[in-house]
Amino acid sequence: MEPDVAIGMVSVITAGLTMAIGSIGPALGEARALDRALASIAQQPDEAGRIIRTAFVGLAFIESTAIYCFVISIILIFANPFWNQVTGG
Amino acid sequence: MDLTQLSPDEVIYWEWGFVKLNATIAFTWGVMALMILVAWLVSRRITTTSDIPRAQNALELVVEYIKDQIREISGGDRPEPYLPFVGTLFLFIAVANLLTILPGYVPPTASLSTTAALAGAVFLAVPAYGIVREGARTFFRHYIEPSPVMLPFNIIGDLSRTLALAVRLFGNAMSGAKIVAVLVAVIPFLFPIVFRALGLLTGLIQAYIFAILAMVYIASGMSAAEVSSSADKEKAKTSERNNS
Chain A
1 MEPDVAIGMV SVITAGLTMA IGSIGPALGE ARALDRALAS IAQQPDEAGR IIRTAFVGLA
61 FIESTAIYCF VISIILIFAN PFWNQVTGG
Chain B
1 MDLTQLSPDE VIYWEWGFVK LNATIAFTWG VMALMILVAW LVSRRITTTS DIPRAQNALE
61 LVVEYIKDQI REISGGDRPE PYLPFVGTLF LFIAVANLLT ILPGYVPPTA SLSTTAALAG
121 AVFLAVPAYG IVREGARTFF RHYIEPSPVM LPFNIIGDLS RTLALAVRLF GNAMSGAKIV
181 AVLVAVIPFL FPIVFRALGL LTGLIQAYIF AILAMVYIAS GMSAAEVSSS ADKEKAKTSE
241 RNNS
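Sequence lines, in order, name chains A and B. Read the first sequence against the working numbering and you will find it ends at 89, with the numbers running on by one and no gaps. Read the second sequence against the working numbering and you will find it ends at 244, with the numbers running on by one and no gaps.
Chain A extracted, bound-state conformation (with noise of 0.2 Å):
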C-alpha cells in the first residue's frame, strides 16, 4: 500500500473512532449531571437561577473532553502534520 493511501485510511478511520468512543463518555457524564440538576430544580424551583448557572458551567467542563476528541478528529482530517512527509511539504 502507497504510504499516503495509508496514512489517510487511518486518519479517516481513526477520527471516527475518536468521536464514536470519545462521546459516550461525556454524554453519559452529561445526563447523569443534567439529571441531577432537573432533579434539584424540581425540588427547589426557588433556587433555579442559580443550579443552571452552576449546572451550565460544570456541562461546560465535562463537554470540554468531548471537544478535545472533535478538535483530533478535526486535526486528523484537515490539519494532518503527516502529510507533509509523504507530499514533500
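Since the hints were derived computationally from the structure, they do not count as laboratory data. All residues carry an ideal CB built from backbone N, CA and C; glycine is no exception. Be careful, since some hints might not be right.
[Said to hold, decoys possible] List time: in silico SDA-like cross-link candidates among lysine to any residue, alpha-carbon distance up to 25 Å:
id, chain 1, residue 1, chain 2, residue 2
1, B, Lys67, A, Arg50
2, B, Lys178, A, Ser23
3, B, Lys178, A, Ala20
4, B, Lys178, A, Trp83
5, B, Lys178, A, Asn80
6, B, Lys178, A, Glu30
[To be verified] Taking CB as the label site, the calculated pair distances span:
id, chain 1, residue 1, chain 2, residue 2, range
7, B, Leu61, A, Gln44, 23 to 29 Å
8, A, Met19, B, Leu41, 41 to 47 Å
9, A, Glu47, B, Phe18, 52 to 58 Å
10, A, Glu47, B, Thr88, 26 to 32 Å
11, B, Val186, A, Val86, 25 to 31 Å
12, B, Ile101, A, Gln43, 36 to 42 Å
13, A, Asn80, B, Ile52, 51 to 57 Å
14, A, Gln43, B, Ala185, 42 to 48 Å
[Unchecked claim] Some chain B residues judged to face chain A by a derived CB distance under 7 Å, without partners named:
id, residue
15, Leu6
16, Ala164
17, Val167
18, Arg168
19, Gly171
20, Ile209
21, Ile212
Fit chain B to the known structure of chain A by using the hints.
This is chain B only, laid out in the frame that chain A set:
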C-alpha cells in the same frame, strides 16, 4: 469558507508581503465596528428620565443582567470593576456567534487564533485583578497553599484551563459552521436551517459560559479576600442579631 478549509484564517482577501488580511481579521473588525456603532447610536440620546428610548432600555437590560450574574458569582461584590472585561467578552462572543444568521458570514470565533487571544486575555486578567485586589504577596501565596507541593499542579491547572477555554469556544463555533457545511452538501433542503438555529443557541450558550468561566476564574483568584470579607459579614450579622 468551504468544507476543505479548517478555519477562516485560511480565507485570504488581500495580501501584501507578509501582511495578510484574512477572514478572521476582517470579520473581527466588522463585529467590533458594528458593536461600537450600535453603542454610539444608542448612547447619543441617553436619558435618565422615565421616558427612555427603546434601544437604551434594551441595552440597559443586557448590562443589568451581566451585572447581576457578576454580583452572584463574586459573592455580593460590586460588579463595576469586572463589568468592562467580562461584559465585553460576553457581548463580543455573543454578537460574533449570533451574526452567523447572515449569509457569507464566518464567525471569527471559529478560528483558534481569536479564541486563544480571548483565553489569553482571561489568563492575564486573573492575576491582574487578584494583585490589584489583595496585593501580589497574598495572590501568589495561593499557589503554595496548603503546601508548596501544590505549586506545579496549580500552575498546570492555570495553563490547562486557559487551553480548555480556547479550545471549547473554537470547537463549538467551528463545529457549528462545519455541520452546516456538511449538511448543505448532503441534504441541502431545510435541514441546514434547523442546525443553523441550533448553532445560534450553542453560540449564545458558549458566550455565556465563556464569560461566566472568566468571572469564576477571576473570583477564584481572589478567594482569600472574599472568604474573609464574607466571614466578617457573617460576624456582623450574628452580632447584630445578638444586639437586637
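- Message: Would the hint linking B:Lys178 and A:Asn80 be met if the CA-CA limit is 25 Å?
- Response: Judged against 25 Å, a Cα distance of about 17 Å means the pair holds.
- Item | Range hint 26 to 32 Å (beta carbons of A:Glu47 and B:Thr88) holds or violated | Given a distance of about 29 Å, which is inside 26 to 32 Å, the answer is holds.
- Task: Starting from B:Lys178, check that the Cα of A:Glu30 is at most 25 Å away, please.
- Result: 23 Å, holds
- Query: Could one say that the CB atoms of B:Ile101 and A:Gln43 fall in the range 36 to 42 Å?
  - Reply: 38 Å, holds
- Query: Holds or violated: is the Cβ of B:Arg168 closer than 7 Å to a Cβ in chain A?
  - Reply: 5 Å, holds
- Item | CB-CB spacing for B:Phe18 and A:Glu47 relative to the 52 to 58 Å hint | 55 Å, holds
- Query: B:Val186 and A:Val86, beta-carbon distance inside 25 to 31 Å?
  - Reply: 29 Å, holds
- Assessment of proposed distance window 51 to 57 Å (beta carbons of A:Asn80, B:Ile52): Cβ of A:Asn80 to Cβ of B:Ile52: about 56 Å, so the range 51 to 57 Å holds.
- Task: Confirm or reject the claim that A:Gln43 and B:Ala185 have a C-beta distance inside 42 to 48 Å.
- Result: 46 Å, holds
- Task: Confirm or reject the claim that B:Leu61 and A:Gln44 have a C-beta distance inside 23 to 29 Å.
- Result: 26 Å, holds
- Using Cβ atoms only, decide whether B:Val167 comes closer than 7 Å to chain A, and label the hint accordingly. 6 Å, holds
- Message: Is the interface hint satisfied for B:Ile209? The criterion is a beta-carbon contact with chain A at less than 7 Å.
- Response: Cβ of B:Ile209 sits 4 Å from chain A, so the hint holds.
Hint violations for this structure: none, all hints satisfied.
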